[in-house]
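Counting in the working numbering, the sequence shown runs from 1 upward without gaps.
In silico PhoX-like pairs for lysine-lysine, Cα to Cα no more than 25 Å straight-line:
(1) 137 / 183
(2) 123 / 102
(3) 93 / 181
(4) 102 / 137
(5) 172 / 123
(6) 172 / 125
(7) 159 / 172
(8) 172 / 93
(9) 93 / 127
(10) 138 / 181
(11) 176 / 123
(12) 102 / 181
(13) 138 / 93
(14) 138 / 102
(15) 183 / 93
I should point out that these hints are in silico values taken from the structure, not numbers from a laboratory.
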Amino acid sequence: MPEPVESANNPLDVKLSVARLGRVNTVLAAAVVVLVVLAAAVFIGGARVLPWTTPAEAAAADYDEVKAVAEDGVIAFLDVDYRDMDPRIQAVKEISTGTFGKEYTAIAEQIRQAAIPAQTISKGKVKQVGIRAIGSKKAVVLVAVDSVVTSSQTAELKKSDTCPYEGARCSKYRFKVSLAKTKDGWRMSDLAGVN
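Using the sequences provided together with the hints, build the complete structure.
The following block contains the structure:
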């Protein structure tokens, strides 16, 4: 029976141990580099670079979307240009749902027919937005907006302290915008003026 050879005296075992140690060190070094790069990405980009969404991030995204849809909806509703009504009417339809969407669709042709002979052009500018209530499927947003309207009926109006435009009527509105979450995201389900 051959005699056992001491590992420490066998140069082949030493070379294999050094090779294994080198591979382990390489793997550990690569893991450290990956962790440092991920930490730097999170530090620079914040939590949004992570591949998951926290409940707080989901709620913040809903808040942002609700505000944006309410603003866009009010601006689309106030946007009138007798020369090109089709895309304006379509914009309101696309951002609407439920009863409001059906009611707006039903009166869209009347809006077009009223705008043409009066040569109405209207633009709105959002001044403030506040979320009054938000849940998983419904939200209520208050939107304050300034509006400038020109038409054949405003042609004689002069500039004033309340309206710095010649031939225009300036108005300030507050709207209560109700929103519903659909499969396509948040949509306007009601729009009402607030006194």
